[in-house]
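Mapping of the sequence shown onto my numbering: position 130 corresponds to residue 130, and the numbering continues sequentially without gaps.
Honestly, the hints are just simulated from the structure, not real lab data.
Every residue gets a Cβ at the ideal spot worked out from N, C-alpha and C, and that includes glycine.
Mimicking DSSO-like on lysine-lysine, the simulated pairs with C-alpha atoms at most 27 Å apart in a straight line are:
id	residue 1	residue 2
1	Lys-203	Lys-150
2	Lys-51	Lys-25
3	Lys-629	Lys-684
4	Lys-150	Lys-262
5	Lys-156	Lys-105
6	Lys-156	Lys-206
7	Lys-127	Lys-109
Derived Cβ-Cβ restraints for the label pairs, each shown as a range:
id	residue 1	residue 2	range
8	Ala-634	Ala-756	49 to 59 Å
9	Leu-636	Ser-464	45 to 55 Å
10	Thr-230	Glu-610	17 to 27 Å
11	Trp-644	Thr-527	23 to 33 Å
12	Ser-77	Gly-49	18 to 28 Å
13	Pro-416	Thr-279	26 to 36 Å
14	Lys-285	Pro-416	17 to 27 Å
15	Asp-475	Phe-501	22 to 32 Å
16	Tyr-274	Ser-758	37 to 47 Å
17	Ser-310	Lys-182	33 to 43 Å
18	Glu-228	Ser-306	14 to 24 Å
19	Ser-464	Asp-804	44 to 54 Å
20	Tyr-274	Glu-610	25 to 35 Å
21	Ser-310	Ser-464	46 to 56 Å
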Amino acid sequence: MWSAISFAQIDNPNMIILDYDNPQKYEIADITVEGNQFTDANIIILLSGLKKGQTITVPGDETRLAIEKLWKQSLFSDIEIGISKTEGAKLVLNIVVVERPRLSKYSIKGLKKGETNNIRDEISLKKNQLITEDLINATRREIIAYFYEKGYFGVKTTFSKEPDAEKPNYEILRIDIAKGKKIKVQDIVFEGNDHVESAKLRKLLKPKRKYKKWNPFASSKFVEDVYEETKPGILRQYSSLGYRDASIIYDSIIRISEDRVKIKIGINEGNKYYFRNITWTGNTKYRTTLLDTILGIKRGDIYDQSRLESKLFMSENGFDISSLYMDDGYLFFNINPVEVLVENDSIDIEMRIYEGKQATVNRVTIVGNDKTSDFVALRVIRTRPGDKFSRSDIQRSMRELAQLGFFDPEGLDVNPVPNPQDGTVDIEYKVVEKPSDQIEASGGWGGFGGFVGTLGLTLNNFSSRKMFGPDASWDPIPAGDGQKLSLRAQSNGPQFQGYNFSFSEPWLGGKKPNALTISLFHNVQSTFSFEKDRPKFTTSGGSVAFAKQLKFPDDYFQLRTSMTYQRYGLNDWANFGSSELGFTDGNANNLSFLTEIMRNSSNHPIYPTEGSSFSASVQFTPPYSLFNKNKDYASLSPEEKFKWVELVKTKFSGQWFLGFPNGKKRQFVLSPSYKFGAVSPWNKEIGYSPFELFRVGGSGLSNFVLYGTDIVSQRGYDEGKVSDPLQGQGALPIYTKYTLELRYPLTVGQSSTIYAQSFLEAGNAYNSFEDFNPFKVRRAAGVGVRLFLPMFGLLGVDYAWAMDPGQFDNKGQFHFFIGQQF
Numbered sequence: 001m002w003s004a005i006s007f008a009q010i011d012n013p014n015m016i017i018l019d020y021d022n023p024q025k026y027e028i029a030d031i032t033v034e035g036n037q038f039t040d041a042n043i044i045i046l047l048s049g050l051k052k053g054q055t056i057t058v059p060g061d062e063t064r065l066a067i068e069k070l071w072k073q074s075l076f077s078d079i080e081i082g083i084s085k086t087e088g089a090k091l092v093l094n095i096v097v098v099e100r101p102r103l104s105k106y107s108i109k110g111l112k113k114g115e116t117n118n119i120r121d122e123i124s125l126k127k128n129q130l131i132t133e134d135l136i137n138a139t140r141r142e143i144i145a146y147f148y149e150k151g152y153f154g155v156k157t158t159f160s161k162e163p164d165a166e167k168p169n170y171e172i173l174r175i176d177i178a179k180g181k182k183i184k185v186q187d188i189v190f191e192g193n194d195h196v197e198s199a200k201l202r203k204l205l206k207p208k209r210k211y212k213k214w215n216p217f218a219s220s221k222f223v224e225d226v227y228e229e230t231k232p233g234i235l236r237q238y239s240s241l242g243y244r245d246a247s248i249i250y251d252s253i254i255r256i257s258e259d260r261v262k263i264k265i266g267i268n269e270g271n272k273y274y275f276r277n278i279t280w281t282g283n284t285k286y287r288t289t290l291l292d293t294i295l296g297i298k299r300g301d302i303y304d305q306s307r308l309e310s311k312l313f314m315s316e317n318g319f320d321i322s323s324l325y326m327d328d329g330y331l332f333f334n335i336n337p338v339e340v341l342v343e344n345d346s347i348d349i350e351m352r353i354y355e356g357k358q359a360t361v362n363r364v365t366i367v368g369n370d371k372t373s374d375f376v377a378l379r380v381i382r383t384r385p386g387d388k389f390s391r392s393d394i395q396r397s398m399r400e401l402a403q404l405g406f407f408d409p410e411g412l413d414v415n416p417v418p419n420p421q422d423g424t425v426d427i428e429y430k431v432v433e434k435p436s437d438q439i440e441a442s443g444g445w446g447g448f449g450g451f452v453g454t455l456g457l458t459l460n461n462f463s464s465r466k467m468f469g470p471d472a473s474w475d476p477i478p479a480g481d482g483q484k485l486s487l488r489a490q491s492n493g494p495q496f497q498g499y500n501f502s503f504s505e506p507w508l509g510g511k512k513p514n515a516l517t518i519s520l521f522h523n524v525q526s527t528f529s530f531e532k533d534r535p536k537f538t539t540s541g542g543s544v545a546f547a548k549q550l551k552f553p554d555d556y557f558q559l560r561t562s563m564t565y566q567r568y569g570l571n572d573w574a575n576f577g578s579s580e581l582g583f584t585d586g587n588a589n590n591l592s593f594l595t596e597i598m599r600n601s602s603n604h605p606i607y608p609t610e611g612s613s614f615s616a617s618v619q620f621t622p623p624y625s626l627f628n629k630n631k632d633y634a635s636l637s638p639e640e641k642f643k644w645v646e647l648v649k650t651k652f653s654g655q656w657f658l659g660f661p662n663g664k665k666r667q668f669v670l671s672p673s674y675k676f677g678a679v680s681p682w683n684k685e686i687g688y689s690p691f692e693l694f695r696v697g698g699s700g701l702s703n704f705v706l707y708g709t710d711i712v713s714q715r716g717y718d719e720g721k722v723s724d725p726l727q728g729q730g731a732l733p734i735y736t737k738y739t740l741e742l743r744y745p746l747t748v749g750q751s752s753t754i755y756a757q758s759f760l761e762a763g764n765a766y767n768s769f770e771d772f773n774p775f776k777v778r779r780a781a782g783v784g785v786r787l788f789l790p791m792f793g794l795l796g797v798d799y800a801w802a803m804d805p806g807q808f809d810n811k812g813q814f815h816f817f818i819g820q821q822f
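Use the sequences and the hints to build the structure in full.
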């Protein structure tokens, strides 16, 4: 409260006698201020409206108005203006103020820790703010609004203040919040919906379910903003059924209890309409019959506005009128469907087309690639200067940029800039770099009872060109040319060490996407000893691979050929040599050639929502035994049989990605996949080779990899226990595997990608083709989560239940995936 105006004269023998019937005029000789700690005295004087030299009436309105002006600033809890000195017709005014206390700190009670932290982010309280009723009311509104959005309608707040003993004129604000119960929808009632069931309409809203006490998983939480966002879906549903005039005539949210509301929605359905006559004007490039075929709408079809727009502008498969023109350079194309006649329940549509001229690409630029060289990005872009403009080429270019793995797929954008004057278009691709190099630091329990640690470094955007010479750039490593350099080491001490090196150039020669990959490897398996002559098994070798992009059947196909040489060395290796190889000392050589055809049309490198990935390969060695028909291979010792390994190895894998479109970036994806592998002998007298077989079961972490064995994961079972139920060490020549995953992204972005999944999996390994039965499998089911960090790659954990466990298998177990994609 501000006080009444006081004119108590201070230290002046000539006391002024206030006569309200005969006020006197005085000149302000000076103005002084008392009681201000934070507000500058000159500011207070300025805000009062009084100034030195001003003539005022005593008593009069000038001082009263000055106090009102100061009070409106909400800076003071008490204001008084007095006369400190008079001298003839002049006086000195003294403004005495009591400043409002300021905020020292505040506390929140009544909420959980997480909610308290969230509220602190929402409210605008700051230290040193003046504690006013406006501040308290504003804070109360912010708290109520925050919880209102969360579905709490009955939030109550209590504010209390107490002086801060350590700071004069500062107060501590205590906020007690009782959020009450979360509002749920008791019922959703539709009225006037004669042709659409209420249950179908209810599914379009959020919440989409009524409250059911017996079903705690039925989501009936009511959030008004979300409800308002989903409400237009009702009219879209009616429009798709031909009710283009449908409208919501009322909707009421009725509070029926402390934590329950009832929603009533009234609908005016209107009449149902049908397409009748569809005509085209302005089309000189394509005949009307072709446009009718692509449109796919016939006389008598239900008048569905969304279907019409999809066929004209935005069909998911690209089979629409707009794509037809824009893929042929007609950038300036425009089509306007006009309702020319509405008669009874029928509507005539006239498609008015402006074709324009064909546009050619003028300039193609890329921005945002701070690390990656321009030519690395431009070489995968399908729009080239001089080419006709094509929307499908732009879409394919965006896909190829994402598949490089150097840019954030969510940050990709394209900006076509038309130049109508000369019929050209400049295309600017915008990219956002993301970390692509990976450090692998993983661990797992190998099949031999030991913990295997792995350290690896993969540089996915390496540049050998920048290592030396005038282009040398070490910041901190040469990067930006799209080459791949990988170094990897595994060990558990003396028992196992593995070393791998590989280098890939994806555009050999720089003109075509012909990839060259060179790799070297060396593995040592031994006893727990570092002695020079200790028993050991070594695998050393290297490979050279060449991959070429194909144009037929389409340019998603790639052909890969490789040559690999492996030398296996045994030194007193009785541990496994005698049981699996049949000899303990000596060497075996494996020179093999591989031809693989692949097709990958997935739209995202980490979380694809459409497309597929297939691979079929044949790996073979020369048929040495067929060149030496005079030898009796059945009587040869194992060491002689396998001195030069011979085999034929075929593998196939296929995976589909089926997204459920819902108008949002985050969507469920169903991903079925199938894998098959088989090893066949060239010579039946030699039989199956002990090399290049398949070990099935577990997470598939490649710990101890002996004899060129393929490690095949199958969740729900221990490592290798599908192919070898007792020990988990053995490998078999044939396997098959089926997987069905349902995925949902929790976050997809540059810094990380996280998705949850559930899965069904079945597979088995077989001794021979005679034993092969694709329906005789061991099944499992489970749930899991995947986290992709650019620095470490894909990490994950699954929990799987074995449906067909063996005698010594656990029925449920965790599987960890570290540093590699499943």
